[in-house]
Amino acid sequence: MKKLSARRRHPLAAVVVLLLALLFSGGLYAVFAPTSKAEADETAQSLTIEEGKKLYSVGCASCHGTGGQGTSDGPSLVGVGAAAVDFQVGTGRMPAATSQGPQVPKKKNIYSQAEIDQLAAYIASLGAGPAIPTEEQYGPQGADIAKGGELFRTNCAQCHNFTGKGGALTHGKYAPDLEGVSPKHIYEAMETGPQNMPSFPDTTLSEENKKDIIAYLDAVNSSKSESPGGLELGGLGPVSEGLFGWIFGLGGLIAVAVWVAARTAKAKKS
Amino acid sequence: MSTAQDRRKAPAGERVADWADGRLGIYSLAKANMRKIFPDHWSFMLGEICLYSFIIIILTGVYLTLFFHPSMNEVEYHGSYVPLQGQLMSEAFASTLDISFDVRGGLLIRQIHHWAAIIFLAGMFVHMMRVFFTGAFRKPREINWLFGFLLFVLGMFTGFTGYSLPDDLLSGTGVRFTQGAILSMPIVGTYISMFLFGGEFPGTDFVARFYSIHILLLPGIMLGLVVGHLILVFYHKHTQFAGPGRTNKNVVGMPLLPVYMAKAGGFFFLVFGVISAIAGIATVNPIWVLGPYRPDQVSTGAQPDWYMGFAEGLVRAMPGWEINFWGHTLVLGVFIPLVLFGLFLGIIALYPFIESWVTGDKREHHILDRPRNAPTRTAFGVAWVTGYMIMLIGGGNDIVATHFHLSINAVTWFVRIGFFAGPVIAFIITKRICLGLQRRDREKVLHGRETGIIKRLPHGEFIEVHEPLSQEQMYTLTAHEQYQPAEIGPTVDENGVERKVTGSEKLRAKLSESYYGEGAQIPKPTAEEYREITSGHGHH
Amino acid sequence: MSSQEIPEENLPAEQSEQTAGHDEHGHGALSPKDEHPFADPGLPPHEHRIQDVDERAAKRSERSVALMFTVSMLATIAFIAAFVAIPVDRSVYIFPLGHISALNFALGMTLGIALFCIGAGAVHWARTLMSDVEIADERHPIEAEPEVREKVFADFKQGAKESALGRRKLIRNTMFGALTLVPLSGVVLLRDLGPLPEEKLRHTLWSRGKLLVNMNTNEPLRPSDVAVGSLTFAKPEGLEEHDHEFQNEIAKAALMIVRIQPENIKDKRELEWSHEGIVAYSKICTHVGCPISLYEQQTHHVLCPCHQSTFDLSDGARVIFGPAGHALPQLRIGVNDEGYLEALGDFEEPVGPAFWERG
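Protein chains in written order, with our numbering: chain A, 1 to 270; chain B, 1 to 540; chain C, 1 to 359.
The following block holds chain A by itself, in its conformation from the complex (with noise of 0.2 Å):
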């Protein structure tokens, strides 16, 4: 010990002590840091969560209530889920001009998608609900496209037709086109049901299946789909095809016989 008080005065002492004292407190932060992350987190939560409150009082509380518990003009969002926000506003039906009409169309998305984020992290917040899928989920990875082939047909092409170019339903209500509707929607859409579609969540339609079902659908209804015999006449079957017939086909012989049975041009006479 005295050994050690007789280098206390030792000129690097302070050097030592300035030494140990950055790792002490170098080791405590690393100790307490993460922490003071997650409460830094917590912090940024209940700020997006503040934040996407604030997007929803001005842009969707007109229809839902200030609570997201509904009004007249609009379901309530309890319970939801962040997946069902995350397809709404992401393919812009939310906000929507009207509760009016049969059904709420597709239009421009008018958010960012971290102002959606916030959006979804608020009515999350309000009640337990499906959260966003992760790309994971919804990625092309290991999908087998023949078994979504055939999901596609048990289950949703009833209303999306064979390729999912859509249909008609009830009193002016349809089941949209799916081309270029992005993976992630797909799966949101198929999870939480929304407007008047049914909803096939994960204990009927397993999380394997809906990846299955959008491999397919990139494999035939996307820009880059292959259609064999030519020109695909809208996917849409006999009807663009008989138009097509007639129009094309039989419109293009009748041209032809006109021109077999016409006079020949004549000799100007002199």
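Since the hints were made in silico from the structure, they are not lab data.
According to the in silico footprint, chain C covers these stretches of chain B (three or more CB under 8 Å from chain C):
1) 168-179
2) 191-201
3) 247-259
4) 295-304
5) 323-335
6) 406-413
7) 522-533
Note that beta-carbon positions come from the ideal geometry of N, C-alpha and C, so glycine has one too.
Go by the hints and put chains B and C onto chain A.
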């Protein structure tokens, strides 16, 4: 008669012809037909479009039978189309996929076959309308009209059975509809359904059964009818439009050899070429995206090919009437459309006989009517087409609804009302248009053509200069016949005995009055009227 | 009344009377206008085409025709080359057709050109180089001359008399009998096309205790799996896709399962037959048997994509629009000891389209 020596010197072609004539008598046939005259008009080639697409269908159909397996055995698919890998399907569906993806050119032939079928039916429809609106069905061609009508109906069913063969999701839905419609038939429905499908739906038999109907039974009958149709066309000689030098006792045009040999023969290649090109650029019935048939799966937009769309429309528009009595069910919601389908088609088939009964005309007619000169017939035809087209819209009511942003219920109601109101409105409007055109023709003949030149007369009046028509034009515009309404003959015969006037006689007089009575046609100008006006023309 | 009784004056004048004075073969013949102002002037004189008077134009036509035939030959060679050279699975992007099969496009276009050019060449040849003088062919009445008619009838009477068919009634009657009966063998032969209907349309695979198996996952369903507003399709336990009878059985047994808040179910029996608002209806439309399943979860309406029959699933699946004649049959369901949804029997009425014996 040539001597043996001459014959030895004759060219090879002639010797072959002589040989054939000695056994088949081809010279007398050739004498009558080699320089047969065909009039030139584009609308006379509509029938050729049908004939040629029929030939194309047979040629491509034979090719398809080489690869198609008409079997409903279940197989697991391992061909080249990825999105169906490992799926269970019938052999019929799998072999259609193979034709489309693994046989080189198979897809092209499949698409030519299907496009040609769509065009064949469309061609027959337009051809039939051409014959109808020009009155070409009149004596002596009523039987040929019926042949043509039968070809149209058989064509519909041949097309339908063919469309069902690949056993895909869409065609299977169509077959299911057929089965449901059969079930709706009173008393015999369930039995016919069991016999047709070899038991319950779908069973494992219908593809093989539809196959023999599609490739053998129906086309066989159709081929016979086509041959008969053509023989009659040759025998009757073609009709022609009125014009200078064209009478009811001649036919003016170009000879079969060489002009029509080249034109008609060439037209076959033109039709085949156009259909091939269409099959190269536009897909038809892409069964691979439809998927294999399963009775618990369905796709929206479930329509038949266009020629069955009319029947589909009737079924869609019908309200759901069902009567239950004494343990039985009368499924009117399906059975009435089934009956209407037959009646609606039947009425156009029988029209020639109705018209000839009303006119009482027993003469041959080889000069075609301009539609305006037979206003009631034309109006009837337009009314029929209107009803047909409204039902066609009804058959696609879901596609109409989505593409025009309408309610499917509203479209259905439009079709329900339109089917009754549409033909009536069309009839009235068409008749008025025809009479208007007749009036204009009359004006043209009597006062000449409007030249668009305005002249100022010395006393200040402005008149438009009318140019008299050429004699060709005047003849053409006045060549049609005008019937007088039939009257009920004297009710007292020469012995003073009163006879009974039958109901059919009264009906006929009434119909005749509506066809040819006052206001139903504009009297065509007479020579006296013309002379009177032309002699006083200078005073204008 | 036969039309022979129509007074002749009701028929219009024969056209030939009106056109009297015109020359039958009449090229350029003009009837005197004074006689009848609208008389048939006869066929107009033939006008020459450019090719008829200008040999250079004719040569040009000849060259065009030959060119078209040559193009056809080249197209056929291209067709064969494409067939050999292009792999059957090659895809190519062609605007505006999209990603299409290169082989199909190449074959279709070359075949189309090859055929079209033959036709176009032949027609152009006919139109420009073959004679275009219109020829009039005479028609002859189709009806036979009266003497011929007399002869035919006389011959027939003679033949009939010689056959003695009218006199020997026994032969005639037995012959007609035999000819009427013999087609019956053909009708009888058709009997084995299929079984008799019997009760086949009345029963499905469902019976008491059968579990409701989810079509997607092939697992039996629990009530907690089925959320309000969701749509699930089920088949009876034990029915597998590989089974021989799968298609026939699923055509009757296919089930559509939805969950509706019990207070929203208007039909009393529907509520009784449900389990906590979970209702199971036949997926097969009662109109003509399409698999109906266009379920709108907010209105509880289900629409058929084939003929638009609409059913209200919250009100006993009664028909509210379209051509279907009666409600969708409901399957009575419950929960077994292990907590799985099970059927409490078969459907109480036949599923699918109505038929005469349905009652």
